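Following the hints, put chain B in place on chain A, whose structure we already have.
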Amino acid sequence: MQIIVNGESQEQSHPLTVTSLLESLDLHSKQVAVEVNLKILDRSDFDTWNLQEGDKVEILSFIGGGSL
Amino acid sequence: MSASPLKDPLIIAGREFRSRLWVGTGKYKDFEETRLAIEASGADVVTVAVRRVNITDKNSENLLDYIDPKKYTILPNTAGCYTVEDAVRYARLARAAGVSDLVKLEVIGDERTLFPDTAGLIEAAKILIAEGFIVLPYTNDDPIVAKKLMDIGCPAVMPLAAPIGSGLGIRNPYNLKIIMETVNVPVIVDAGVGTASDAALAMEYGADAVLMNTAIAGADDPIMMATAMRYGVDAGRLAFKAGRIPRKLHASASSPIEGML
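Protein sequences appear in the order of chains A and B.
Position 5 of the first sequence, counted from 1, bears residue number 5 in the working numbering, the numbering being contiguous throughout.
Position 52 of the second sequence, counted from 1, bears residue number 120 in the working numbering, the numbering being contiguous throughout.
Rather than coming from a laboratory, the hints here were simulated on the basis of the structure.
Treat each hint with caution, since some may be false.
[Unchecked claim] Below, a list of computed lysine-lysine pairs in the PhoX-like style, where the Cα atoms sit at most 25 Å apart: (1) Lys97(B) to Lys138(B); (2) Lys139(B) to Lys56(A); (3) Lys95(B) to Lys126(B); (4) Lys39(A) to Lys194(B); (5) Lys75(B) to Lys194(B); (6) Lys30(A) to Lys138(B); (7) Lys245(B) to Lys316(B); (8) Lys126(B) to Lys75(B); (9) Lys30(A) to Lys56(A); (10) Lys95(B) to Lys30(A); (11) Lys139(B) to Lys95(B); (12) Lys30(A) to Lys97(B); (13) Lys245(B) to Lys309(B); (14) Lys245(B) to Lys216(B); (15) Lys215(B) to Lys30(A); (16) Lys138(B) to Lys95(B); (17) Lys138(B) to Lys75(B); (18) Lys126(B) to Lys97(B); (19) Lys215(B) to Lys245(B); (20) Lys194(B) to Lys216(B); (21) Lys30(A) to Lys139(B).
Treat the numbers as computed from the prediction; the structure is a model and nothing was measured.
Isolated chain A (complex conformation) (with noise of 0.2 Å):
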């Protein structure tokens, strides 16, 4: 299936967990969020959560920034 993580389209397995997901990219043991078609995640869902064919991925963490 298709997917769109951080804005580029993947082709991914179906079924795929959130945690498949970011273990695929090496995430999986970092502080991220991660936000599926504008709804933000609670951690205890990655396990259980399956993407859908063109689901809207977004994975977030923290960069140096002061204000801007």
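For chain B alone, coordinates are given in the frame of chain A:
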């Protein structure tokens, strides 16, 4: 410095902070320089931004590998947000990433000045406070807005000294002083500091803390400037607590007249 007057902690929403200098983590050459500058500043609160993870480069390093969240209070900001909706979204994302309920709320009004959109700020703050966030708002040097932010439940206010990154220093000391006498929550002067004397001045006026990024990261030697800022904040704090002499138009001799020939 062993002087105990510097030991009284800054308390915000029941949390104790040791340092009255808070620093941002943007604009450094690399993470190592960031780490060294923060260490030199003595800050225990560091601000971070929330952005997309680089998913194409799996080896890209993570800021939090250099700044230990166990050692520092990580204060996520909503930098770059120009609408209430965006600011609220980024605050929620920051909380979801699992640091804490703290957020430095920014709703920016204009690209050229980066001044806050204070109407949007109050609106976003209300939404986030209702959701249990501890909202530290980046605001203008406007005492009325500062009071409104306090009244809706912000446990501190963060008025600017000058536009973000401008290094102009404190443009309106009188407004800052009025804010300090108007609100009974901590006042953290945020943005616009250029050098150590600006930080000292903010503290002498009675600010509870100073937050800065560019003044340190943009200095020729950021680590040395971080040290200077630390001393500036400490000196200003001590001077404030010590109580300065009143300004007088005419001289007043320091040496006694008695005993002169």
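For each hint, the structure was consulted:
no.	hint	result
1	Lys97(B) to Lys138(B)	24 Å, holds
2	Lys139(B) to Lys56(A)	35 Å, violated
3	Lys95(B) to Lys126(B)	22 Å, holds
4	Lys39(A) to Lys194(B)	21 Å, holds
5	Lys75(B) to Lys194(B)	33 Å, violated
6	Lys30(A) to Lys138(B)	15 Å, holds
7	Lys245(B) to Lys316(B)	20 Å, holds
8	Lys126(B) to Lys75(B)	43 Å, violated
9	Lys30(A) to Lys56(A)	20 Å, holds
10	Lys95(B) to Lys30(A)	23 Å, holds
11	Lys139(B) to Lys95(B)	22 Å, holds
12	Lys30(A) to Lys97(B)	23 Å, holds
13	Lys245(B) to Lys309(B)	15 Å, holds
14	Lys245(B) to Lys216(B)	17 Å, holds
15	Lys215(B) to Lys30(A)	39 Å, violated
16	Lys138(B) to Lys95(B)	23 Å, holds
17	Lys138(B) to Lys75(B)	21 Å, holds
18	Lys126(B) to Lys97(B)	20 Å, holds
19	Lys215(B) to Lys245(B)	13 Å, holds
20	Lys194(B) to Lys216(B)	11 Å, holds
21	Lys30(A) to Lys139(B)	17 Å, holds
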